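Chemist: Single-letter residue listing:
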Amino acid sequence: MSQTRTVLVVDDDPGSRRLLVRWLEEHGWRVLEAGTGEIALERVAEVTVDLILLDVRMPGHIDGLHAAVVMRQSPALRDVPIIAVSASPQEAFRDRALGAGCSAFLSKPVNLKLLMKEIERFVPTGESQ
Amino acid sequence: MTKPVRGIAGKPAALIRALLVEDSMEDAQLILRQLEKEGLCVRSDVVHDRKDFEEKVAANSYDVVIADYRLPDWRGIEAVDVLKEQGKDIPVIIVTGSLGDELAAECIRRGASDYVLKDRLARLPSAVLRTLAEQEARRKQERTEQLLRLQTKALEATATAVVITDREGRITWVNPAFTRLTGYRADEVIGQTPRFLKSGQHAAAFYRSLWGTILAGRVWQGELINQRKDGTCYTEEQTITPMVNDAGEITHFISIKQDATERKRAEEDRLRTLYLEVENKALMRADQMKSEFLADMSHEFRTPLNSILGFSELLLETCQNLSVEQQEDLRLIYQSAQNLLQLVNDSLDLARIEAGHVKLDRSIVPLKDTFARILDVFAPHFQQNNLRAGAEIHPPELAVFADSRRVEQILTNLVGNALKFTGRGSVTLAAHPTEAGVQISVADTGVGISAEELPHIFDKFYQARKQTESATRGTGLGLAITRQLVELHGGRIWAESAPGRGTTVFFLLPGEEAAQRARAKEQGRVANAHRAGG
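The listed protein sequences correspond, in order, to chains A and B.
Numbering (numbering that gives the first Met the number 0) for the first sequence: 0 to 128.
Numbering (numbering that gives the first Met the number 0) for the second sequence: 0 to 533.
To be clear, the hints were calculated from the coordinates, so they are not data collected in a lab.
Please note that a few of the clues may not be correct.
[What the hints assert, rightly or not] Pairs of lysine to any residue residues, derived as SDA-like cross-links and limited to a Cα-Cα distance of at most 25 Å, are as follows:
hint	chain 1	residue 1	chain 2	residue 2
1	B	Lys-358	A	Pro-58
2	B	Lys-358	A	Pro-88
3	B	Lys-358	A	Ser-87
4	B	Lys-459	B	Val-343
5	A	Lys-112	B	Gln-334
6	B	Lys-459	A	Pro-88
7	B	Lys-289	A	Pro-88
8	B	Lys-289	A	Pro-58
None of these values were measured; they are calculated from a predicted model.
Kindly generate the complete structure, drawing on both the sequences and the hints.
Modeler: So this is what it looks like as structure tokens:
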């Protein structure tokens, strides 16, 4: 496999976060975690990432939508794929997430195989599921 | 040498315009001198025949005519007739050399104001002044009477009821509006006190306070509920004004009554509208809160389900050393969580439909394509269980006017349900047009439903066919949602079945022709909106 890719998983629910961390590590990713929008913005300022999985609905000052908007304003993050994940599957949330600059939208519960397909679409690893 | 100038009724002299009817210039001079001597300020014209007189009177305005009784060509008394003919109200004073009692009486009878003998001409100035004063008084009286007539007319014409009573409250006058308001004619009420209007809805203290106010000479204003002649009640706004004479004694009361029933009703209507608006807002707020609550609930359910489903999947996918039993256990966790997720989805769907939040996106949906898609989705299931799938559409191009996504949801629910209870045989989709719309059916050759259970299968949480052993147990909401969706389209759903002989679920959806009706209605609405706008 080529060099290790880095993904940032942003989710306020520890269970959901750990699930993605475990699944992505299992698939060879280096995984960074953030439990709030603020921490997510700090992480991406420090480390270069290849992909961001972003829960759009989080408590705190900066929810996922807000974080996505801020990230898209930074030149370094303009083209990084952001996959929005939400337990609110309504069309309205999908539209808002895409409007805020997210590249794709997946609803929770996340189908892990579907998630890998989406990731493959944005960050081809050569590893086929 | 000049006397102070005198005028009518002692007021400073105005110019007196006099028309003298006199053939002798000497006599005319005499008359004028006499008047001036008494301080009257006179401007005069002199004529001596009827023709001149008529012309002068028509062209000028005079305060008084002083006419010689005897003229060569005319008689002065006839000036009175000319003035009458011309409609002029100018007093005529006859001046004459000699006048018998009979002639004097004739002069007065014919309308002369006074007469003065030539040898007693000194009396003329006072005769002129008295005549003018009398005329002024008469005119004033006429003006007053005319004003009174107008005021009475106005009071009679007004829509406001007016009642005049004496000090004891006995009615002396009412206007027609009073009759219109109360139903009582003037002749029925004059001499009575207005007690007959009492509705019995006010306490004695109310009337005591009213009388206390008006007897003290103050205006009373208030709202009264009174009773008409026909027994119905009405609300009036009343103002009672005491009339006081020069001695300060109350002589009359004037009561003005305005029918307030309409205003009262309008006020109540406004209050009711306001109340409804507030209530409506509260309902909308409650509705919004309910929607938000449901959305939050959904979110809160999905978050833990994400972990349960995800970790079961993760373990099944990544653990190499699980025993077969452990794998089965994990699958059961996964499947149960899937069922729970379906329940959350169905509950939310049903709640949204019931709250009227689901809007249909109608279009013409050809059933051939829809049936093919549904059977395609279930193809693996048909194959695995060795079941036959059927689709019968007559005519083949049959279409419905409906929300295509919702039609697929209805059919998915019904086919999924049929497959659950069909061990062998077939599941067949069929459609044909009827009077009431397009009738679609899903027929299976499964276990069937008993007659007692059949009416309840579309109820919420009703699990008709006990299936506790099955891991694919439904949520109990699928058929309830299906019915709601059919009814949302204006259709109807029902089932026929017998135990062991399979089940057929029928439903009606609007046919293609409904699209034209909807279009025509929409055009009508748009046209109406244009008309209203234009």
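Chemist: Would you mind marking each hint as holding or not holding in the structure?
Modeler: Okay, the hints, checked on the actual structure:
1. A hinted pair counts as satisfied when its Cα atoms are at most 25 Å apart, and Lys-358 of chain B with Pro-58 of chain A does not qualify at roughly 31 Å.
2. With a C-alpha separation of about 18 Å, the suggested pair Lys-358 of chain B and Pro-88 of chain A falls inside the 25 Å cut-off, and the hint holds.
3. Our distance criterion of 25 Å between C-alpha atoms is met by Lys-358 of chain B and Ser-87 of chain A, whose separation comes to about 19 Å.
4. Of the pairs offered as hints, the one joining Lys-459 of chain B and Val-343 of chain B holds, with about 14 Å between alpha carbons and a cut-off of 25 Å not exceeded.
5. Under the criterion of a C-alpha separation no larger than 25 Å, the hint pairing Lys-112 of chain A with Gln-334 of chain B is consistent with the structure, at around 16 Å.
6. At roughly 24 Å between alpha-carbon atoms, Lys-459 of chain B and Pro-88 of chain A fall within 25 Å of each other, so this suggested pair holds.
7. As the CA atoms of Lys-289 of chain B and Pro-88 of chain A are separated by approximately 17 Å, the hinted pair is consistent with the 25 Å bound.
8. Restraint check for Lys-289 of chain B and Pro-58 of chain A: the C-alpha separation of about 21 Å stays at or below 25 Å, so the hint holds.
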